[in-house]
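If you read the sequences in order, they're chains A and B. Take the numbering used here: the last position of the first sequence gets the number 396, and nothing is skipped along the way. Take the numbering used here: the last position of the second sequence gets the number 1597, and nothing is skipped along the way.
Treat the hints with care, since some could be wrong.
With the C-beta cut set under 7 Å, the calculated list includes, among others, these residues of chain A facing chain B [unchecked claim]: (1) P224; (2) E225; (3) N228.
Just so you know, the hints here were simulated from the structure itself, not pulled from any lab data. Positions of the beta carbon are idealized from the N, C-alpha and C atoms, including for glycine.
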Amino acid sequence: MKQTILLVFLFISILLFAQTEVTLWHSYRGDEKDALMQVVDNFNKSHTDIKLNALGIPYDAFPDKITAAIPRGKGPDIFIFAHDRIGGWVEADIIEPIDFYLEKDISGNFVDGAWNPMLYDGSVYGLPMSLKSIILFYNSDIIKTPPKTTDEMISMAKKYTDASKGKYGLVYEIANFYYHACWLQGFGGKIFDNKDIPVLNSPENIRSFQFAQDLFLKEKIVPPEVSNVLVTTLFNEGKAAMVINGPWFRGEISGVPYEVELLPIISEINKPAIPFMSSEGVLMSAKSEHKDAAFKVMEYLVGEDAAFIFATVGKQPVALKSVYERPEVKNDKYLPKFKAQIENSRPMPSIPQMTSVWSPASTAINAAVNGKDPKATLDEAQDKVMSTLKAAGYIK
Amino acid sequence: MKLHTTWRLIALAVILLLFYLLMSKLLTNSLHQQNIRYTLDLANTDIQVIKTAYQPQDASSYADLQEVLKQLMKNNPDINSLVVVQKRNFVAHSNPAMIGESISKSIFDRQREIIKNYDPAVENSNIIWQPSEEDSNSQIQYHGFFEGNELIGFVVYDTKVQTQFEVSGNNLLLLILTILFFILAVVLEKIIPRFSAYLSLVLFVLLVVIVDGNIAAQMEKNYTLWLQNIEQYQTGLQEHLYQSLPLMELQLPSWQPLITESVQTWNITLSILGGLLILFILTGLFERMLASIIRYRMAYSYIVPAMFGVFLLVFFPFVYGFLIGFTNYGLNDFGGNLVSYFTNLHNYSFGNIIDILRTINFTDPHNFYYTLVHTILWTVINVTLHVSIGVGLALLLSNELLKGRTFFRVILILPWAIPNYITALIWRGMFHKQFGAVNGFLELLGFQPISWFTQVHTAFIANLATNVWLGFPFMMIIALGALQSIPKELYEASAIDGSSRWQSFWNVTFPLLKPAMIPAIILGTIWTFNQFNVIYLVSGGGPDGATELLITDAYKIAFEQYRYGYAAAYCIVIFLLLFFYGFWTNKISRASEGVYE
C-alpha cells in the first residue's frame, strides 16, 4: 500500500515538473563533443522549462538517418549538420523554415559567408554554428616561413621531398574532389552554371585538373594513393612538411609543432585558391512537436556564451563574429587564420543535384592524377552526371 | 483432422471480407496524395497590392498584426477583401541572388491562427477570409511570389480538400455479397457435396468481378462528386476571398486516367491474390496448416517469437525491397505510403529492370553485363582457389605423421576468425604503392613497384589475394571434418586390393569428400558472389568502377546516387540469378548424394 502511495506521488511529481524535452542530434567527437556537452549542461542549468538531450550519431550514417527517421516522426527536434544537404531536405519536407521565428535580421552577427548557405529558395532553414574549410597546415620545425604562392609551395616541397625515405613536401588527399575543389575554384572553375546545369568540363576545370596531375606526376611532391589515415600518419611522423586539411585535423595531430596559413595564391593566374566551405548549422525538424522550445535552443546554441565554448573548448572556427573580438580567441594562433580562410572560400553547393556529382567527380580526379588526360576524364564525368540528373528529372 | 466444410466456408468468407476491407482502405489512402492549387496572376486582376512594412514586435503573439490590419482597413475604405501575404523571407534581402526567385513555401500555423481568429470589429467587415466550420479540416496555404519587394502573385493551396473522396462506400455491399456467397456455398454443400469446392471457386470469381466493378463504379461516382465539391469550393473561395475576381488558373490534377489505371491494377491484384487465397483454402492446404497448428500448438507457440523475428527482419524487408524495385523511389520520396507509389507517377513497373538489362556492352565498366561477367569470373576464380587450397591444406593436416597439427590448424583458421573488414583494410594497406608491404617485397627482389589500384588486372589481383586469404579456411575446416569421418577400413581395403596412393585418393577420399564439399561450395559461391566488404574496402571498385561486383554496384546506386528504386531492381536481378543458381546446384548436389547407397 505504502509503495502504491509513493508511486502515485512520484507520478504526480513527474506530471507537475514536466518539462518540454528537446532532442538534439549531432555527430561531434573529441573536443567538439566536450564543448557541446558543456553547452548542453549550461543550457539545462539556466533553463528550467526546457530539457535538452543531446544524442551523438556517427557521421557516416547521419544524413541517411535523418532522411529516414524524420518523415516517420522518429527523429530529433533539432540537429547539427553542414549546409550542403539542406536543398534535398527542403525538397523532402524534412526541415522547417525558421524565418517566421526570427524576430529581426540577425545575419549581420555572423562571419561573412556563414548566413547565405543556410538559405534555400529565399527562406532561412538554420542558424550557422561553425564554418569549416580546408587550410594549409605546416610543420613549423621544417618550414619557417609559409609559402605565399603555389610556385613557392612547390619549390619548398621539392626541397623536402625524398621519396626513398618516405618524406613528402605536400600531403593531401589529391584524388579527393572535396580537396581538389580549392584549385578548381581558384582557377575560376565551377561545378554548376547559373541555371544549376553541371559544367564539369569547362576549360578552367580542365586547367585545375592539369595542375593536380602536375603536382603528382611532374613535381612528384605528393605521395601516391593518399588516404585520410596516411595524411595523419605522415604528418605525425614528421614526414610531411605541408598538409592541406580542415580544422578537424587539429584533433589528430600529436607531437608535431604546427601552424596554419591561408592556401597559397595560384602562380599561374595570380589568384588565391578558393576551397569549399561548409557552414555547419543547427536545423529544425519539420516534424518537431516543440518548435518554440526547439527554436529557443537553436538561438542559445548560436549565442555568444555557447559560441565562446565551441571556439575555446571545441577549437571550432565558430560563425559568430563577436567571439573573434574576445582576447582568448583573438590571440589564438589558429582561429583567426581559419576565419580569414573562410572569408576566402565558397560554400559547397547545397542544391540536391550536388549529391550526383561527388562520385563521378572523384572518379575523374583520381583518373586524372594517375595520368589520364584531364579533358577526357572531365568529359566522361560530365556525361555521367548529366545522365543521372536527367534520369532523376532535374534536367529535361 | 478434417475440418467441416461449413467451417471451411466460414473461414473463407471471413478472410475474404477482411482482405477486401484492407485493400479498399489501402487504395483509399493511396489516392489522397494530390493537392489542388489555384494560381492567381495579379497582373490580370484588379487586386490592389498594399505594401506595409511590418516587423513583428512579439513573434509569439503577433498581437500587433491585428492593429496593423485595422489601420490598413481604415486607410483604405474601398477595399472589400483582404488577403494577407507576408513576405516571410525578410532576412533574405541580404542575399540579392535569391530575390526574384523566392517562393515562400508555406505560411505557418501560427499566422493562420491569427487570420482565423481575427475578427475585424470595424464597420465594413466582410473583409477577411474566415474559414467556416466546414473548412475545419482544410489546410490552406498561401505562397507569395515576389520580385524584389514587389508582390507579383500568389498561389492558394488546399491540401486536404479531397478528403470527401472515399472508396469506402462499397463496404456494405461487400458484406451482403459475402454473406450471400456463404449461404449459397452452404446450400451447395448440401445438394452436391463433391463439387462444392469447384462451384465455390466459380462463385468467387463472380464475386471478384461484381465487387471490382462496384469499386470502379463507386470511384467514378465519388470522382464526379469530388469534382462538384471542388467547383463549389472554388465558388466559395471566390465569394469569400476574391469576390468579383476571376481565378486565372485552376490546376486540377488529372485524376481520371489515374483512377482507371488504379482500378485496373487493383482488379488484377485482387483477382490474383484472392485466387491464391481461395486455392490455399480449397486445396486443403489451409486446413492442413490449421490442423497442424492445432495439433502441435505447443511447438508452434514456442517458435512464434522466432517466426515473428524472421518475418520482421527477413521477410518484410525482402518484400518491401522487391516492391520498391518496381518504382522510381528516390532521394526525396521518403514518407509516402507504399501503395501510393503504385497508383501514381512513381509506378515504373518493369521499367527499372528493362533499363538495367537493355544495353549489352561487355567493355563499359558501368554496364550491367560487364559487371556480371566480372562478378562471375571473380566468383569462379575465388571458389576454385578456396577449394583447392582448403582441401590441399586439409589433406596435409589430416596426415597423422605431421607434428603440431593442432597448432597449424589454429594458425590456418585465424584468417577466418578475424573480422573480414579488418583483414580487408590491412590488405589494402599492404598494396599501397609507396608504403605497402607487397611492393616492398617486390622491390627487394629487384622489381619495379606496382601501382596496384590504377589498373584493372592488378586491382583484381589485389582483391583476389585478399579474398583467397579470407576464404580458404572455411573450405579447409569442412574438408578436415569430412576427412576425419572417412573410415580407415576403406583405405586398408583399397591398399589390400593393391591400389596406389593416387587411386585410393581418387576412389575413396574424393567421393567421400564430395557430399560435404558440395554444399560448402554452393554456400561459398553465394558468399563470394556477394562479397561486398573486400571489393568495397580494398579496391573500392576502382579504377573507374572496373572491379565492381553487382552487389557493390547496387550499393553505390542506392547510397551514392540515391536511386533506391533502381538499386532495388538491381537486387531483384541479383536475387533471381542466385535463386536459379541455387536451384540448379540443388539438382546437382542431389545427384551426388548417397555414396553409401
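Comparing the hints with the structure gives:
The restraint placing P224/A at the interface with chain B holds, with a minimum CB-CB distance near 4 Å, inside the 7 Å limit. For E225/A, the interface hint holds, the least distance from its beta-carbon to any beta-carbon of chain B being 6 Å, beneath 7 Å. The criterion of a C-beta within 7 Å of any C-beta in chain B is not met by N228/A, whose closest approach is roughly 12 Å, and the hint is violated.
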